[in-house]
Amino acid sequence: MSFRLPTGGKIDRQRPLSFSFDGKTYRGFHGDTLASALLANGVRLVGRSFKYHRPRGIFSAGSEEPSALVTLGKGARAEPNIRATQIELHDGLVAHSQNNWPSLRWDLAQALGWLGRFLPAGFYYKTFMWPANLWPRYESIIRHMAGMGESPTVPDPDVYEKCHAHCDLLVIGAGPAGRAAAEEAARKGQNVWLADEGGSEETVADGITMLRRTTVFGKYDDHLYGLVQRREGEKPRQVLWLLRAQSVVLASGAIERPLVFANNDRPGIMLAGAAVGYLRDYAVQAGRRAVIVTNNDSAYDAAAILAAGGIEVAAIIDHRHMVERRDGMDCEILYNHAVIDTSGGRALTGVTIAPLDVNGDAVPQSERRIDCDLLCVSGGFTPSVHLYSQAGGKLIFREDLQSLVPNSAIPGMTVTGAANGEFIPGAGAPIALSGSRAKQFIDLQNDVTAADVELAAREGYRSVEHVKRYTTLGMGTDQGKTSNVNGIAVLAGALGKPPAEVGVTTYRPPYTPVTIGALAGRDSGMFLAPTRRTPMQDWHEDNGAVFTPAGLWQRPHYYPRAGETPVEAVNREVLAMRQGVGIVDVSTLGRIDLHGPDVTEFLNRVYINGFKTLALGMCRYGVMLRDDGRVFDDGTVARMGDEHFIMTTTTANAGPVMAHLEYYLQIVWPELRVHLASITDQWAVAAVAGPQSRDLLDNLDSNMEFANQAIPFMAWRDGRIGGIPAQVFRISFSGELAYEVAVPADHGHAMWEMLLAAGEELGVMPYGTEALTTLRTEKGHFVMGPEADGRATADDLGLGGMLSSKKDFIGRRSLDLPALTPNDRLNLVGLEPRDGASAIPPGAIILGSAEANPGMEKAGHVATAVYSANLEKPIALAMVSNGRQRMGETLWAHSPLDNRIVAVTVTEPVFIDPKGERLRA
Amino acid sequence: MFLIPCPHCGPRAMNEFSYGGDATVTRPAAPGEASDGEWIEYLYLRDNPKGGHEELWQHIHGCRRWLRVSRDAVSHDVLGCVEATEAPS
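Heads up: the protein sequence lines correspond to chains A and B, in order. For the first sequence, this note's numbering assigns the number 22 to the initial residue and increments by one for each residue that follows. For the second sequence, this note's numbering assigns the number -6 to the initial residue and increments by one for each residue that follows.
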């Protein structure tokens, strides 16, 4: 049975569409919304309510819709909680109802009817709190029973876009007031943008950029506005606009308010303006026989329009008793009456009305029933001031409108039209409650009733903000667009205060929910952040490297061979390097070029050790602190010329070190003449390490010598390798004879291949960061993070001897502070399992006993734990209280995560070649 | 996402900058002569004023200069921006 009139509306009858709702196929027209098409097909029941699973229908015709939320699309494209009133119909559209089981028509939770008793206001604070150990079970049941749509569990295949733009004027709302403002500004030559939630194809004047189907959802600092544009069926599906608007005209109109009475939520109960809209815009009768209940004049116009559209208007129920007689209305008009109850199951069948006594209370003995399938409610209008309030504008309660309107001007924003309370017909009487025990809903989306608000007031809640949180009033996805003012009115009644004194809750973005896809735009997956690639990255990928992230870099973790486990691969890499030669890509280390006459003085102040004596052609290891005395970074500095140095930093700290150096040069010591430049990306660097590393370099086609006399430990030389200009640094992280070969980045891949070719006969082994970790752990080298964790001092890490006493440096003053001097500080030590075999759990807490008791003193923690293939046993580096004085002591590493307790022996941190003879070989 | 009027690059969105803390804190010129109290004041003690705040921002994705920004910590209004070593505008 169709509710569509044969003519009229703004739909295109030449373009019929087919769509499905809950698996059933229906017909509609181009220009319909899902809501208008469902109404045209006589579908009244579209969802079940949040808490009580009550049948719900279509309540409004716009973005304020609290009830008709559906899941749009299916599978990966499913999007839950979308307002049917804003979904433009397209051919093949698929939508489903929500929050029902087993079906929308036969919902078990409602049939049981037990939910209402258990879910009063604040139920989650009290009802289910005892006994506490059952809460997880209650919670799982409540989560299942009370809720909204479900998110898809697979990635969204649609494309979303993000755009940035600037304009002189943004007009929000393309109604009469908005259009007038936009056209006037455009005539003056301003760059005007006009955004409207609707899809009207009406043309706009030149100079106006029109965004249709677009919601301005948020106002942010410095005139930044967030807009989301819906483009259903197109690509990209939604566009997020970040628009800087020098000024804004807010012409967002007003939203009609419901009235509060018993069972005011049945399908068939609808805002009067929405019923008019469905008739006018879609030629859809929202019902056959209507009753209109109102407290203001606008409903009389609505009644006339509905009657002209063929809907039988049975009666107008007006809360007021002093209203001018309306001519031309041939329906019954009952002044000083109210609706006190409704009837019907899955659709409205009738209303019960009663006269009001002098107190505004219904007189029950005089009640009367009127049959109808449509009840139009009109409780006045609420200006849509959300963006004004987000911008910090203050609202005032106007008695004549029974509503909150803007009260103060705010820079850069003008509120006009109905949003400013202009042209809104008066709403005479405040809300009348029927006194019934049946549910009188204020917030249809969150199932908050007048009784809930009154309960909150009885329980002592006074602030509207607290009542909101306690009852969840206005906290649904509709942000209480149709419920906030009624909530304030009911709370005011319960507190015995005028509504103006109750105040208003804070408005926050977004105005309507914004899908995460739109906020992310294209910034997902590999586009979430840029990936930094070294010049040798292609080779690593081609040779099967498994990668691990290091900041924005992806570094080779290890290079597994066919059939190898990760552990076997790492052990192979570690053994090959210590016994022969290995190479590792260290291009990711930060490189900073320092130029200027004061560089040595600057380095002397930056590092804990002296740099004035660093000779040309030599490198020096340095440690830098923050001013609070904690280790900040370490690396080497090479002197390239009289006034020219190159500093290396750790991979992760390259950016922070640069900012740190710039801070001291720009703010603390601006008199120092030093220029800094980051040159990390300009160089490709490979470390060649192992007892046969010199043999490898000797095999190269180069003009350089690599013997001790030519390039001693901690020296650097430049020359050419295979025709490529190269710098070779005799430095070692692994503790073996080692060289770092640096070439301009463009030659990195070629250099890497040349090193591999020169090492082929030696069995050169490329190794990754996991082998690097094992190698440095064997040598007791700390790194930033596990050991130097932002708390450790140089002395804690065993570097006390490096601290120069001849100069001041960043952080030195802090070393004397009481907190940095006690002898129970955590020291860097080594650990071995007492049984020589048990793996030491990384991150484990170290205690002085195998028993863990509450309150017992912690001895430290395991920082880095590896299996040393060279020593054929697990080893670890740990930070242990007063650890250097506890060599040989047995402690216990507790790992509650995997229930392991491992007895360990405290050792010196250096496990291999403690005298450092190998690296000078 | 407020704007910072960088004296070198013009008005730029705040996500081009990195926050560097209270700009009114000065490092003792001779740390060795500072008392423990003075040094701890410099290292750790900060006011958390409601309203006007002088603060350091580094334009890390621009000129890389350390800047002194006068900002209202309540409204986020940026009232001025100069080189870190200059007096507030």
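Hints listed in this document are in silico derivations from the structure and should not be mistaken for laboratory results. Any given hint might turn out to be false.
Computed Cβ-Cβ distance ranges for the label pairs, DEER-style [as the list claims (entries may be wrong)]:
1) B:V75 <-> A:P733: 24 to 34 Å
2) B:D65 <-> A:D544: 44 to 54 Å
3) B:G55 <-> A:P839: 22 to 32 Å
4) A:R252 <-> B:D65: 33 to 43 Å
5) B:V75 <-> A:S429: 12 to 22 Å
6) A:D382 <-> B:P42: 50 to 60 Å
7) B:R39 <-> A:K828: 49 to 59 Å
8) B:L38 <-> A:P173: 18 to 28 Å
9) A:P935 <-> B:P42: 33 to 43 Å
10) A:P173 <-> B:D65: 26 to 36 Å
11) B:T19 <-> A:P843: 23 to 33 Å
12) B:D65 <-> A:F734: 56 to 66 Å
13) A:A430 <-> B:R39: 30 to 40 Å
14) B:G25 <-> A:A430: 26 to 36 Å
Backbone N, C-alpha and C define an ideal beta-carbon position, used for all residues, glycine too.
Taking the hints in turn, this is what the structure says about them:
no.	hint	in the structure
1	B:V75 <-> A:P733: 24 to 34 Å	violated (50 Å)
2	B:D65 <-> A:D544: 44 to 54 Å	violated (30 Å)
3	B:G55 <-> A:P839: 22 to 32 Å	violated (41 Å)
4	A:R252 <-> B:D65: 33 to 43 Å	holds (38 Å)
5	B:V75 <-> A:S429: 12 to 22 Å	violated (32 Å)
6	A:D382 <-> B:P42: 50 to 60 Å	holds (53 Å)
7	B:R39 <-> A:K828: 49 to 59 Å	violated (29 Å)
8	B:L38 <-> A:P173: 18 to 28 Å	violated (50 Å)
9	A:P935 <-> B:P42: 33 to 43 Å	violated (54 Å)
10	A:P173 <-> B:D65: 26 to 36 Å	violated (43 Å)
11	B:T19 <-> A:P843: 23 to 33 Å	holds (30 Å)
12	B:D65 <-> A:F734: 56 to 66 Å	holds (57 Å)
13	A:A430 <-> B:R39: 30 to 40 Å	holds (36 Å)
14	B:G25 <-> A:A430: 26 to 36 Å	violated (57 Å)
The structure does not agree with the numbered hints 1, 2, 3, 5, 7, 8, 9, 10 and 14 stated previously, though it agrees with the rest.
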